[in-house]
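Trainee: The sequence shown begins at 1 in the numbering used here and counts up by one.
Treat the hints as calculated values from the structure; they're not laboratory data. Incorrect hints may appear among the rest.
Using C-beta positions, here's what the derived DEER-type ranges look like [said to hold, decoys possible]:
1. I1 to D173: 25 to 31 Å
2. G177 to N144: 21 to 27 Å
3. G81 to P146: 44 to 50 Å
4. S52 to I1: 39 to 45 Å
Where is the CB? At the ideal position from N, CA and C, for every residue including glycine.
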Amino acid sequence: IDIWVASFNSNEYASGTLYVTELDYNPSNLPGSSGGGGTLDYTQSPNYGEVSLSAGFLPDPYTVNLLSGGDVDVGSLGLGGCYGYATAAPDFRLQWSGSSSRLRFFFVADNPGEDATLIVNDAYTAWHCNDDYSGLDPLVEIQNPPQGQYDIWVGSYGSGVYIQGTLYITEQDYHPGYHP
């Protein structure tokens, strides 16, 4: 398959990214697009869906395959130690209920050596972030997690970088270096 990308006028050049996918994406909902926003917006619908889980959920861990990255510079938002590039919309949303001593979120890249970041907005709208928990894979742990909505962004440390991998949600001791 040969593909040409052209501009409408002669001597006009546009930089951008060509996406090829089997999924039902268009430019407005493609992971990595902030829809023109420059911030993380937990009022938007998540890119990869949502789930309701309660304490003691099975199977544990709950997993979601996704693609990290976007065009929002998280480090410029002043969220206290949050870095990377993510979409404006959350990648995933958790509706949490029940009582647990902890809740862990972590991301493992399919290809070792790719540097992802993790940003979680908890039920009290507090921000939790991590860049490198185990190697380059991030983990956020919330002690005694309050019931409510958790919005999760998986960013890429570098601009224009998109990382395929798995988001894990667990109450167990699992972490990026040890997961089922």
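Trainee: Indicate, hint by hint, whether the structure satisfies it.
Mentor: Okay, the hints, checked on the actual structure:
Checked against the hint of 25 to 31 Å, the pair I1 and D173 fails, with Cβ atoms roughly 47 Å apart. Distance hint check for G177 and N144: the Cβ-Cβ separation is about 24 Å, which falls inside the suggested range of 21 to 27 Å. Judged by the Cβ atoms, the range 44 to 50 Å given for G81 and P146 is violated: they are separated by roughly 21 Å. Distance hint check for S52 and I1: the Cβ-Cβ separation is about 41 Å, which falls inside the suggested range of 39 to 45 Å.
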